[in-house]
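A.B. asks: Read off the chains here:
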Amino acid sequence: MSKAIEIENFTYRYPDGTPALSDISLSVEHGRKLALIGPNGAGKSTLLLAMAGFAKGTGKVLVDGLEVNSKNLKKIRTRLGCCLENPDDQLFMPTLFDDVAFGPLNMGLEPEQIKSRVAEALATVGLAKMADKAPHHLSAGQKRAAAIATILAMSPRIITLDEPDGSLDPRNRNNLMKLLKSLPQTLIIATCNMNFAASLADRAVLLDKGRIIADGEAQKIMSDADLMTEHGLELAQRKL
Amino acid sequence: MHHAHIDKFAYQDSAIHRLDSRVKFLVVLVFTAVVISLPRTSLSILACYAIGPFAILVWAGIPLKFVFKQILLVSPFVIVLALSCPLYDRTPVAVSFGPFSWQSSLGWLRCFVILGKFIVTMLALIGLVSTTRFSDLLAGLQKLGMPKLLTIQLGFLYRYIFVLIDRAHHILQARAGRKLRNLGFKTELRTAASMLGSLFIRSIDTAEHISIAMQARGFDGNWRTLSKLKVRRCDLFFALTAAVFMSGLYFFVKPILQ
Chain A
1 MSKAIEIENF TYRYPDGTPA LSDISLSVEH GRKLALIGPN GAGKSTLLLA MAGFAKGTGK
61 VLVDGLEVNS KNLKKIRTRL GCCLENPDDQ LFMPTLFDDV AFGPLNMGLE PEQIKSRVAE
121 ALATVGLAKM ADKAPHHLSA GQKRAAAIAT ILAMSPRIIT LDEPDGSLDP RNRNNLMKLL
181 KSLPQTLIIA TCNMNFAASL ADRAVLLDKG RIIADGEAQK IMSDADLMTE HGLELAQRKL
Chain B
1001 MHHAHIDKFA YQDSAIHRLD SRVKFLVVLV FTAVVISLPR TSLSILACYA IGPFAILVWA
1061 GIPLKFVFKQ ILLVSPFVIV LALSCPLYDR TPVAVSFGPF SWQSSLGWLR CFVILGKFIV
1121 TMLALIGLVS TTRFSDLLAG LQKLGMPKLL TIQLGFLYRY IFVLIDRAHH ILQARAGRKL
1181 RNLGFKTELR TAASMLGSLF IRSIDTAEHI SIAMQARGFD GNWRTLSKLK VRRCDLFFAL
1241 TAAVFMSGLY FFVKPILQ
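If you read the sequences in order, they're chains A and B.
Each residue of the first sequence is one higher than the one before, counting from 1 in this note's numbering.
Each residue of the second sequence is one higher than the one before, counting from 1001 in this note's numbering.
To be clear, the hints were calculated from the coordinates, so they are not data collected in a lab.
A couple of the hints might just be wrong.
One-sided excerpt, in silico: chain A residues whose CB lies under 8 Å from chain B [claimed, not checked]: (1) 52; (2) 84; (3) 94; (4) 106; (5) 112; (6) 113; (7) 114; (8) 150.
Pairs of lysine-lysine residues, derived as DSSO-like cross-links and limited to a Cα-Cα distance of at most 30 Å, are as follows [what the hints assert, rightly or not]: (9) 1069/B with 74/A; (10) 1008/B with 133/A; (11) 74/A with 56/A; (12) 71/A with 1148/B; (13) 1230/B with 115/A; (14) 74/A with 1148/B; (15) 133/A with 1230/B; (16) 74/A with 3/A; (17) 1148/B with 129/A; (18) 1008/B with 129/A; (19) 133/A with 1069/B; (20) 1008/B with 1143/B; (21) 3/A with 56/A; (22) 133/A with 1228/B.
Simulated coverage check for chain B against chain A, where a stretch passes if three residues somewhere in it have a Cβ under 8 Å from a Cβ of chain A [stated by the list, open to error]: (23) 1134 to 1140; (24) 1154 to 1163; (25) 1211 to 1220; (26) 1224 to 1238.
Where is the CB? At the ideal position from N, CA and C, for every residue including glycine.
Based on the sequences and whatever the hints tell you, model everything.
C.D. replies: Shown next, in the form of structure tokens:
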């Protein structure tokens, strides 16, 4: 059976030549919850973009057994849902319903199927009654949940989330945590928040300066004081 | 941050709110054309026309204070235009209102008619945007044949104008927090240019992220939407009532009042 993500010797440079990712090799099994941790500028977001086919470099990237190339891109994007760091970038339609329906519409589903998927996705994230709201009327926590609903409506097997806990208060962070824990999909979460990562992920990959520094059990990596300090991170204080 | 949305009351629920956006738009369009085409000297007929949008605003539960605030907000240009009339047209005319009559100039009469037409058409327009969600209005306009590209752009504009205003506000706050003395015109100008540049670059950045978000959800250049609009009997009844009101005033009341 194919793995959720398989990356072999992937290297990527920004358009100005600055190296972003160097010789990355990584494989993630289906159903795992993986935390990509590292300081700012480590290359976490770029690696997530590479998985979705937005950062083309050298090496091989496979998503659910499909190589990331222009031929497979459409299939890949129905299997891998990509949630950006800022929900305002993710929610671009005039109403929440339209936003959540955007992906299923592009998948060519029938109107009734689309309506049921939108209703289901919004119910999963607790926004069932907000379908007709404009995104700018939502709170930060609701926007984050809505951004996840836009992905869930496409029923992907893999979901990547870039700093999903950013600018959330503790209550909203806990709600998001419960939601993410309840999802059966493979989750790849890029975050600088060690408490968030430790409570959610079973595996962690530490990135710094575009390279994989450590890869293993989340609790073990995030409780290694020397490793964390050396790479500008902090120890996970508690498992939420 | 909280913003003054033009469709602030469009999320309420009333019989007017539930009407199809296309019907409301077409009624307002025809109403505006009829009001504009009224003679330049008939104030009393204008007052009769004002009853229509006024009744709709009251029925829909739109606070009149909000309506008049919106009118005031866009009025300066029209006020300047209207006040220029008495300056170039001083032809004396006899004006009568019920039992009262007095001498005035044609310029003043035109000034009041321009203001009257502006207020009446604005009442109708505010009635439309206050009882119709912007998204429904856009969907309706698209159904009525407005180019898709234009509706998409208007949709994006409405979605991101508030994000842009927030960013501009934060930049201004950051400047105010560090600006401890007057720096002179040239420096202020340079600072303003840098702020605008920063806003521009961040807008491009946002556009790139939106493009990624769209492509990640299968966007291939074809804009697909799920239309929820439906013309029902009540919509047809509303259109018919509006047509009877407008034509009744135009063909029967106007000749009596003129």
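A.B. asks: Mind checking the alpha carbons of residue 1008/B and residue 1143/B for me, to see if they're no more than 30 Å apart?
C.D. replies: holds (24 Å)
A.B. asks: Hint check: residue 74/A vs residue 56/A, CA-CA at most 30 Å. Holds or violated?
C.D. replies: holds (15 Å)
A.B. asks: Given a cut of 8 Å on the nearest C-beta pair, is the interface hint for residue 52/A held or broken against chain B?
C.D. replies: holds (6 Å)
A.B. asks: Sort out whether residue 129/A lies within 30 Å of residue 1008/B, counting only the CA atoms.
C.D. replies: holds (18 Å)
A.B. asks: Do the alpha carbons of residue 71/A and residue 1148/B lie within 30 Å of each other, as the hint requires?
C.D. replies: Measuring from Cα to Cα gives roughly 28 Å; hence the hint holds.
A.B. asks: Checking one constraint from the list: CA of residue 133/A to CA of residue 1228/B, max 30 Å. Satisfied?
C.D. replies: Holds - the C-alpha atoms of residue 1228/B and residue 133/A are around 15 Å apart, at most 30 Å.
A.B. asks: For residue 1069/B and residue 74/A, compute the direct alpha-carbon distance and say whether it is at most 30 Å.
C.D. replies: Roughly 49 Å between the alpha carbons, so the hint for residue 1069/B and residue 74/A is violated.
A.B. asks: Can the restraint linking residue 133/A and residue 1230/B be considered satisfied, given a maximum Cα separation of 30 Å?
C.D. replies: Judged against 30 Å, a Cα distance of about 20 Å means the pair holds.
A.B. asks: Check the hint pairing residue 74/A with residue 3/A against an upper bound of 30 Å on the C-alpha distance.
C.D. replies: With a Cα-Cα distance of about 19 Å, the restraint between residue 74/A and residue 3/A holds, given a limit of 30 Å.
A.B. asks: Count the residues of the region 1154 to 1163 of chain B with a beta-carbon closer than 8 Å to any beta-carbon of chain A: does the count reach three?
C.D. replies: Holds: 7 residues of the region 1154 to 1163 of chain B have a Cβ under 8 Å from chain A.
A.B. asks: Take a quick look at whether residue 1230/B and residue 115/A sit within 30 Å of each other, Cα to Cα.
C.D. replies: At roughly 16 Å apart (the allowed maximum being 30 Å), residue 115/A and residue 1230/B satisfy the hint.
A.B. asks: Given residue 112/A was flagged as interface, is its beta-carbon under 8 Å from a beta-carbon of chain B?
C.D. replies: violated (10 Å)
Checked against the numbered hints given earlier, the structure breaks hints 5, 6 and 9 and satisfies all the rest.
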